[in-house]
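*Asks:* Assemble the whole structure, with the sequences as input and the hints as a guide.
Quick note, the sequences are listed as chains A and B, same order.
All letters in the first sequence, in the order written, are residues 1 to 290 by this note's numbering.
All letters in the second sequence, in the order written, are residues 1 to 422 by this note's numbering.
Honestly, the hints are just simulated from the structure, not real lab data.
As the structure is a computational prediction, the values presented were derived from the model and not from experiment.
Cβ coordinates follow ideal geometry from the N, Cα and C atoms, glycine included.
Accuracy of the hints is not assured; some may be wrong.
[As the list claims (entries may be wrong)] Pair ranges (Cβ atoms, derived):
no. : chain 1 : residue 1 : chain 2 : residue 2 : range
1   : A       : 208       : B       : 245       : 50 to 58 Å
2   : A       : 30        : B       : 211       : 39 to 47 Å
3   : A       : 66        : B       : 5         : 53 to 61 Å
4   : A       : 59        : B       : 208       : 30 to 38 Å
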Amino acid sequence: MTEKLTVQVTAGPANAIGKPPVTVIEPTRGWLPIDLRELWEFRDLLYFFTWRDIKVRYKQTFLGFAWAVIQPFLAMVIFTVFFGLLAKLPSDGIPYPIFAYAALLPWTLFSESLTRSTSSMVMNANILKKVYFPRVALPISSVLSPLLDFGIAFTILILMMGYYAITPTFNVIWLPALILLTLVTSLGIGLWTSALNAMYRDFQYVVPFIVQIWMYASPVVYSASMIPEQYRFLYGLNPMAGVIEGFRWALLGSEAPGSVMVVSVVISILILISGAFFFRRMEKTFADEV
Amino acid sequence: MADRELAISVRDLGKRYRIGGSQAYYKTFREAVTNVGTSVVRRLNAGGQAPVADYIWALKGVSFDVERGDVLGVIGRNGAGKSTLLKILSRITEPTEGRAEIYGRVGSLLEVGTGFHPELSGLENIYLSGAILGMRKAEIEAKMDDIVRFSEADRFLETPLKHYSSGMQMRLAFSVAAHLDPEILLIDEVLAVGDIAFQQKCLGKMGQISKEGRTILFISHNMDAVLSLCNKGLLIENGRAKSIGGIRDIVNEYLKVNTGLLGEVRLADEPQKGYDDLKFRAIRIRDARGKVTPIIDMNEDYVVEIEYEITKPVRSAQVAFELFNSVGVCVFCSTDMDNEPENLRSIKQPGTYRARCSLSSSYLRPGAYTIDLSSSIPGVKMLNLFHNAISFEVTGLNIENKLSQGRRGIITPIFRWETQKI
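*Replies:* This is the structure:
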């Protein structure tokens, strides 16, 4: 039997590489960067994880994708009644409903992305224990999948802008960058919390609570202009402050978030980089710890 | 060695786990926080020494090579470290020490149906599962027809998986996995699940893959599957690589150590109740080449060899054995008078005898068999009886043996047929 099995170079799949790849397996130590090239090779898996999360999310629901609109819309109605009409919070001269909704959009995207990525390791424990792939694909896909909800909810904003006859400024071209900043922020934090949650399930309870508090620390129901000028810089330490103010600026033409935005971008990139290193360091223990 | 390429090279591989605590149960943050306190206190009490945690080496100092085209069966008892080895090689978990190199595209199959989602349709699950196993989208699409045909699920592709029977889920899952196209395939006990027909199908597919010259590393408790698929064996014991070599030798060694299967049992030292004047001394199983072995190939003849000693002349004594299959059904009985009925009237003189019964195993289903050994004076009395005198394995789930595959019945005889047009 030994001899008749000759070496055979299989034609292989379309993507087979000419030279056989060598996989080296040895213990890793210290802080290593995420292997981006490998992640790129697994891009199809990233796609399928995202696609699965989207497909599964509203299965067996009666209202389906309407939920993507219902949640931010109802929040907007409630905020308008309590904070806009009763508390009469200033809204930079913009009608309160659209003022709140323009903030709720990125905020919902952020909170969904963060909550889902936090639980992504634990939710996929059975897969983690049975097959190898770059683990970071899970938090990334969890961050990407709420984008569809965001897109659906965005149509309501367009309708509202029509209703209030608000024409977007030229700054609207910055919107994709702002969405990216939202995702970068939630991924950065999600890398930390998903790795921590694999070890300590407490984060499953901590994160939703923090998200709730965080919303009031971000200019969702109020305007950042309420913050005294000298503290704006500090306020930017909350990256979502920059994102939300940026959304209002790009869509509704409110005041440009100068220093807040700069601080937010820097902070959010720092969180992403530190999160990536932390995740990479914890990654090897996931299959044993989850 | 020089003219053959290496597929896997493992050097001093070790994996250490902390007992209890983390892997058995997830920690809570509170524990970790309070542990900081207690460990500081403990450290102070211990005079600055960190407390030593309890560790266990699931794998230690394992080294071996697998050549391209080899089908290596990894065997060992539960908890010996087989699965840990496979998890390290498939990069699910990191080794604590040592190094392994794998040359070529690796596919690992530790479970059938990894990543299946009950809410998604069969078709959607094929994509998902394929991607999780490492296939590219284009690759899955190219193989879609084959996968669907193999799974026999073409009518249910749009049905959510949760409505599938477990057998159907299994078939779908395996057909995705079977179409993985790696140069090196790592497979865990995937055959432990599913019915006989499914297992046969898996084995058949795996046999086909191995014939294509791929390297396979295969973990199983099913000695029969290991023997029929693998050409090399690696025996793991207590986290160490005990031996590596030809699969038959390795399985032999494993059976010797773990089931006491030796191919030979000395009965002389055993307390024998009953008739003192005829004593059994030994029983052996020999293969077609005369080698004492507890493993018999399904298509080979074999010999049951019985040694006994007679101290006083006995009249009409017959020596017999009954063969039982693994569920305790007596398959047949054979006696030393079957060919020579006139012996019935003869007297056996004192002395030591060796009786040989030549058998064919072609009709025996693969599996474990045991022999009850007895001597008696037919119709008068039982002289001596040994329950489970010896055990052996019939193997031969080999793919070539298509004739008896999938047949019902406790034996699988092949009879002669003649058909004429009349």
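*Asks:* Hint by hint, note whether the structure agrees.
*Replies:* Comparing the hints with the structure gives:
Taking 50 to 58 Å as the suggested C-beta distance range, the pair residue 208 of chain A and residue 245 of chain B conforms, at roughly 57 Å. Taking 39 to 47 Å as the suggested C-beta distance range, the pair residue 30 of chain A and residue 211 of chain B conforms, at roughly 44 Å. For residue 66 of chain A paired with residue 5 of chain B, a C-beta distance near 58 Å keeps the hint of 53 to 61 Å intact. The beta-carbon spacing between residue 59 of chain A and residue 208 of chain B, approximately 37 Å, falls within the hinted interval of 30 to 38 Å.
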